[in-house]
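2 protein chains.
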Amino acid sequence: MLNTLFWIVPACAIVALLFAWIFYRNMLKESEGDETMKRIAGHVRRGAMAYLKQQYKVVGIVFLVICALFAWMAYGLRLQNEWVWFAFLTGGLFSGLAGFIGMKTATHASARTANAARRSLNDGLKVAFRSGAVMGLVVVGLALLDISLWWLLLDHFVEEASASEKAIIITTTMLTFGMGASTQALFARVGGGIFTKAADVGADLVGKVEAGIPEDDPRNPATIADNVGDNVGDVAGMGADLYESYCGAVLATAALGAAAFRAEASQFNAILAPMLIAAFGVVLSLLGIFMVRTREGASQQKLLRALDKGINTSSVLIIGASFLVVYLLGLSYWICGSIIVGLLTGIVIGKATEYYTSHGYKPTQGIAKSAETGPATVVIKGIGTGMISTAIPVITIVVGVILSFLFATEFDLKFVDISKGLYGIGIAAVGMLSTLGITLATDAYGPIADNAGGNAEMSKLGKEVRQRTDALDALGNTTAATGKGFAIGSAALTGLALIASYIEEIKIALARMGTTVLEIGERTINTVDATLTDFMYYYDVTLMNPKVLAGIFIGSMMSFVFCGLTMNAVGRAAQKMVQEVRRQFREIKGIMEGKSEPDYARCVEISTKGAQGEMIFPSLLAIIVPVVIGLIFGVSGVIGLLAGGLGTGFVLAIFMANAGGAWDNAKKYVEEGNLGGKGSEAHKAAVIGDTVGDPFKDTSGPSLNILIKLMSMVAIVMAGVTCAHHLL
Amino acid sequence: MLNTLFWIVPACAIVALLFAWIFYRNMLKESEGDETMKRIAGHVRRGAMAYLKQQYKVVGIVFLVICALFAWMAYGLRLQNEWVWFAFLTGGLFSGLAGFIGMKTATHASARTANAARRSLNDGLKVAFRSGAVMGLVVVGLALLDISLWWLLLDHFVEEASASEKAIIITTTMLTFGMGASTQALFARVGGGIFTKAADVGADLVGKVEAGIPEDDPRNPATIADNVGDNVGDVAGMGADLYESYCGAVLATAALGAAAFRAEASQFNAILAPMLIAAFGVVLSLLGIFMVRTREGASQQKLLRALDKGINTSSVLIIGASFLVVYLLGLSYWICGSIIVGLLTGIVIGKATEYYTSHGYKPTQGIAKSAETGPATVVIKGIGTGMISTAIPVITIVVGVILSFLFATEFDLKFVDISKGLYGIGIAAVGMLSTLGITLATDAYGPIADNAGGNAEMSKLGKEVRQRTDALDALGNTTAATGKGFAIGSAALTGLALIASYIEEIKIALARMGTTVLEIGERTINTVDATLTDFMYYYDVTLMNPKVLAGIFIGSMMSFVFCGLTMNAVGRAAQKMVQEVRRQFREIKGIMEGKSEPDYARCVEISTKGAQGEMIFPSLLAIIVPVVIGLIFGVSGVIGLLAGGLGTGFVLAIFMANAGGAWDNAKKYVEEGNLGGKGSEAHKAAVIGDTVGDPFKDTSGPSLNILIKLMSMVAIVMAGVTCAHHLL
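Read top to bottom, the protein sequences are chains A and B. Every number in my numbering is 39 more than the matching position in the first sequence, counting from 1. Every number in my numbering is 39 more than the matching position in the second sequence, counting from 1.
Isolated chain A (complex conformation) (with noise of 0.2 Å):
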């Protein structure tokens, strides 16, 4: 069940690695400067690898015992397809192996583009661009070679029937993989997020406020600690976090495509253009990521439109691509609407992003008019701001939904076929993600950027290398808000395409259990013909089911209690920093004057003990609610838990993700020199506000999006167990 076309896949894959490997070895070419930059840098990559390695064996821990559960209910049980084990075990270990590579170049990139910046600017972006690409290109190389391999795999040994039902297993037997990447993103996003926010908040609060030094100060004990949370948290989370979230799109897509065009000739091109898509994004991408080059001397405003130039064109092509591909297909044209409407709806998501959260300005301006009046009148206008920024982009995927579903099913106003449109949902989101290539190499060079910074700082390098450093960092921070745009926004999107591939795991479950027959109210239906709304009819998932109520008010109920176990999570593990730090301060002597060393390495532990302490409670508590659910209220339960946690949680993640950022950027204004600038009271009030804003940004925020698909993956998984067993 392959054609010609489906080879473009693997191969734009390792296109992307090979590139990848290029720059990552053009990289390492470059000089790490002088001594003390190199001594620095080692430090943070020692502290970094060692968190790293104490997070794979808690997270290779938890798999494995979730593989015995997984093989036992395959060969016990007979609940569950015998390839989910594996699936889940891959998926696993390419999003943590997209992390650790995304890490290792970020930590060998920053005394690099602290010493490139050294010579200029322009040479500083190159090499820290370059760097935050190779993580961009391994994450998308990885998922397709992945989805590449796994097809192949599946397609030998799965034996069905018909074509068309092996399509349908394949694809649905591949969304497990999904949940082995959303389990390893989950862990690396919480656990890095808190690493490195109790790291960062230490360091602020006790630095910063109580002893009045600039940050990334030497004599910090907490500053390689908080270096090395960028990198963890910043880098390694977010390429597990992305890879989880590309993958996703792509397989639920597929899997929707092989349900929706079921009875059709074009059902194996239905599945392929997800993939194809994807594949064409990568090459446009490395495109984009070759056009971001500007001339020596350039002005910061040209190197961001050097960025802009690069992502717009990657962005614009893909749309004549989308055409391509369609044509190559032979699927409706009516699709490439679907695409664009993704593209734009995470545009306008991204561009909402930036002004909320920028401090060019107005909602950002007035935080930091309102820390004049003290940090309670900050917190509570970055709160209250943050909530209203959720507006334009809840509307945007509303719209999206709305518009990609009817291209999908061209403009059909009745809303009967909801499979079809529902697959145009899923590459709005895969139109969305597949120029990820680019706009993940702009977000992941911005902690790289951050890193040299710090390391330029300590290493203490002429003031204008800290200064273009900064500048590189602000022009991450404006690419980023579109990075994060796409992020949020596909996730809102793959987590409605999930939904609609848990019903179909439900029905190849109910086929395993020899449910041939389904009976909804008189009508008799053969369970393999039934479709999504006869799904709908037969579990009662409407919403004045009790069942589906109280699956709403749980999955409502979850997006807040995990966003509170890991804010709490951080607020522990700050607090031993915080008295770390002053224990240091205490009884080290003379750390203010420079004249002994503090101990880096403690930090570093607090940190990484914490994290790891922290993040097991919220992280299985994600995978245990879907399943109790399951078994006390059945299928109806578990979509209302899905849809309920999608609704508040893609809410809650856009307003923590905002509020995090406006605070960070309304704490620069004042730095800036406004409102009284630097020591101010207005500034010691926008640190405050900015501090409590970290969680917020860098924790919770992004840890939601994980969230919200995690749930639904475990759902998927557990399908045949949910359908076999339940109270109510």
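Don't read these hints as lab results, they were simulated from the structure. Cβ coordinates follow ideal geometry from the N, Cα and C atoms, glycine included. Treat the hints with caution; some may be incorrect.
[To be verified] Quick list of simulated restraints, FRET-style, between CB atoms:
1) A:K453 <-> B:K453: 41 to 47 Å
2) A:E720 <-> B:R641: 42 to 48 Å
3) A:F656 <-> B:R641: 30 to 36 Å
4) A:N565 <-> B:K453: 19 to 25 Å
5) A:G359 <-> B:V438: 32 to 38 Å
6) B:V438 <-> A:I663: 17 to 23 Å
7) B:K453 <-> A:S201: 45 to 51 Å
8) B:Q618 <-> A:K502: 47 to 53 Å
9) B:K453 <-> A:G553: 51 to 57 Å
10) A:G629 <-> B:R641: 53 to 59 Å
11) B:G359 <-> A:N565: 51 to 57 Å
12) A:F656 <-> B:E249: 17 to 23 Å
13) A:W111 <-> B:G359: 50 to 56 Å
14) A:E720 <-> B:Q93: 31 to 37 Å
Chain A is fixed; fit chain B onto it per the hints.
Below, chain B without anything else, positioned relative to chain A:
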């Protein structure tokens, strides 16, 4: 269509109002104390009345506009029942009246409570509690009176072929006066909440933090405004709010009863059941109120026990009364299960609220402890703990929903008779609110005690008087936790019942439009015979319909945006207050030495203007959004909106209420001498946490409860328009 039992309802209403009047007269007989006390009480009273006058003027205009629109829809477009505009008006009127009487009582009671507290704690309790009871009794009395009068009126005028259809028309028409009550309540809560918190935040920030003077110090220019705020926000706002909750629960349940028992002889009795339970609850509340009395010189422990005894007696007796009601009406005894479930749900949520917000327990102590590392960690910990605290209430509500549903369907585990089950959920809400007369009394007396304390402070009464009023206030905080649990829990249950009632309205709207037959799949059903589930399928209100999903997203967003708008409104108004207080300290010489009086009136004016200007937009949004969603997405979109708003709004409301309450008590914990006590760095940090929490717990949080129900009420009133006109 009346039987003798019906007359119990207006009779109990009149008894309640009579006792309210007696308590009011008795309170007025107490002395208001010396000249200073009278003068200060006069300041507060005039400020509060001036505010309320302004508030009613603005709300009056809104009501007139909406009434005109309703009249046009009824007489011009023929899309609405012609009673609606008038019902809307009376609902608003009575709700406002409940708030007004409560506030008038409170402003007369505060100086009298302070004066009585000069004699003894017990005397203070008696005056304050009986004054609180005035509001409790007025709310339930007016509500039952309004309901009875409307019933008599409609029974006289409505003409329908069958008694059964007539009952349905009457109950659904009566629901529309709930919209008037909800609209009035939302304005009262939002306006009052902004007023009180702008004053409170402003007074605290400049007074406590900057100038270092205690709370309620007469040198603080915002202190009168702060006391006015307690009256307009916590008393008038709460009165209107709970009037709305109480009516909403009774009316929605009556409408569901009419529908669920449509074809049965017991239809009228099912309608009467919620009214009778409420009526018996009034009498038992009165009994409880009379039980609250202690001997002279009783300890605080004993006082608490006295209050508890009153509440517990009413609660236990209402269980007995519910069996009596069911017996008298000849309904199934299973219904009593739903009532008991409702009561227990309220109690558990109340206990959970107490656990998470009282400083006798770990969570709040943990927040206080995090004050040692500064304001940022206090805020992070408060938000984290608040989010986690949503778990128990949500799980309790889920269990409550499922159990009250199952009881009402005699444990039909197939969940077939959705209508009867939803009636059970409504009955649970009524059960929960049945003892509102006394729970509201214990809630409303808190602000009276608070104001008495303010009066004592400003009148420079002896320290022991302030200690006594503080003890009364603290007592109120504990019992108020239970009250809040009931308010939040009943909002969730009533919200569900209202969504179900919406479908009933749709049925009537379809009949009015001449749609006598529904085609659902291959079936054809008479509109009047269609069940709730049939309607769900007819409009495809399943979780895979993109219109439903769009509604859920928008509903979730609405909760956040509404909260954000009200938070920012408080922030803006508070900033103006801060600037004004700073200006007075700067410009009016001798304030700090107590030689010249600050300009209190100017601060009251700032809060009034701030509140009036800021309350319009968020309140109107709550009315407009359901209409717009209906016009675009039709019935399925509206139900999605209501479910999404309910799920997210409920959880968000608990989060905001608990986080705010916990911050408040964490500050009190420090002030009691823990962690360094007053004046320490930890105290400063805790005050900032408390200030952030002010709009959480007194503006945004409680308004959300009303938002949820108001959106449903708007949808119900606009059902005809939505049926006739929608885009998709």
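Could you check the hint for me, namely that W111 of chain A and G359 of chain B are 50 to 56 Å apart, CB to CB? Roughly 52 Å apart at Cβ, these two residues keep to the hinted range, so it holds.
Measuring from beta carbon to beta carbon, are F656 of chain A and E249 of chain B in 17 to 23 Å? Violated: the Cβ-Cβ distance is about 41 Å, outside 17 to 23 Å.
Confirm or reject the claim that N565 of chain A and K453 of chain B have a C-beta distance inside 19 to 25 Å. 23 Å, holds
If you check the beta carbons of G629 of chain A and R641 of chain B, does the distance land in 53 to 59 Å? Given a distance of about 55 Å, which is inside 53 to 59 Å, the answer is holds.
Verify the CB-CB distance for G359 of chain B and N565 of chain A against the hinted window 51 to 57 Å. Hint holds: Cβ distance 55 Å, inside 51 to 57 Å.
Starting from the range 30 to 36 Å, see whether the pair F656 of chain A and R641 of chain B falls in it by beta-carbon distance. 52 Å, violated
With respect to the beta-carbon atoms only, verify the hint that E720 of chain A and R641 of chain B lie 42 to 48 Å apart. 25 Å, violated
V438 of chain B paired with I663 of chain A, Cβ distance criterion 17 to 23 Å: 18 Å, holds
Would you say the C-beta atoms of K453 of chain A and K453 of chain B sit inside 41 to 47 Å of each other? Violated, at about 31 Å.
Within 45 to 51 Å or not, the Cβ separation of K453 of chain B and S201 of chain A? 35 Å, violated
Assessment of proposed distance window 32 to 38 Å (beta carbons of G359 of chain A, V438 of chain B): 55 Å, violated
For the hint 51 to 57 Å, verify it against the beta carbon of K453 of chain B and that of G553 of chain A. At 21 Å between Cβs, range violated.
In this structure, the earlier hints numbered 1, 2, 3, 5, 7, 8, 9 and 12 are contradicted, and the remaining ones agree with it.
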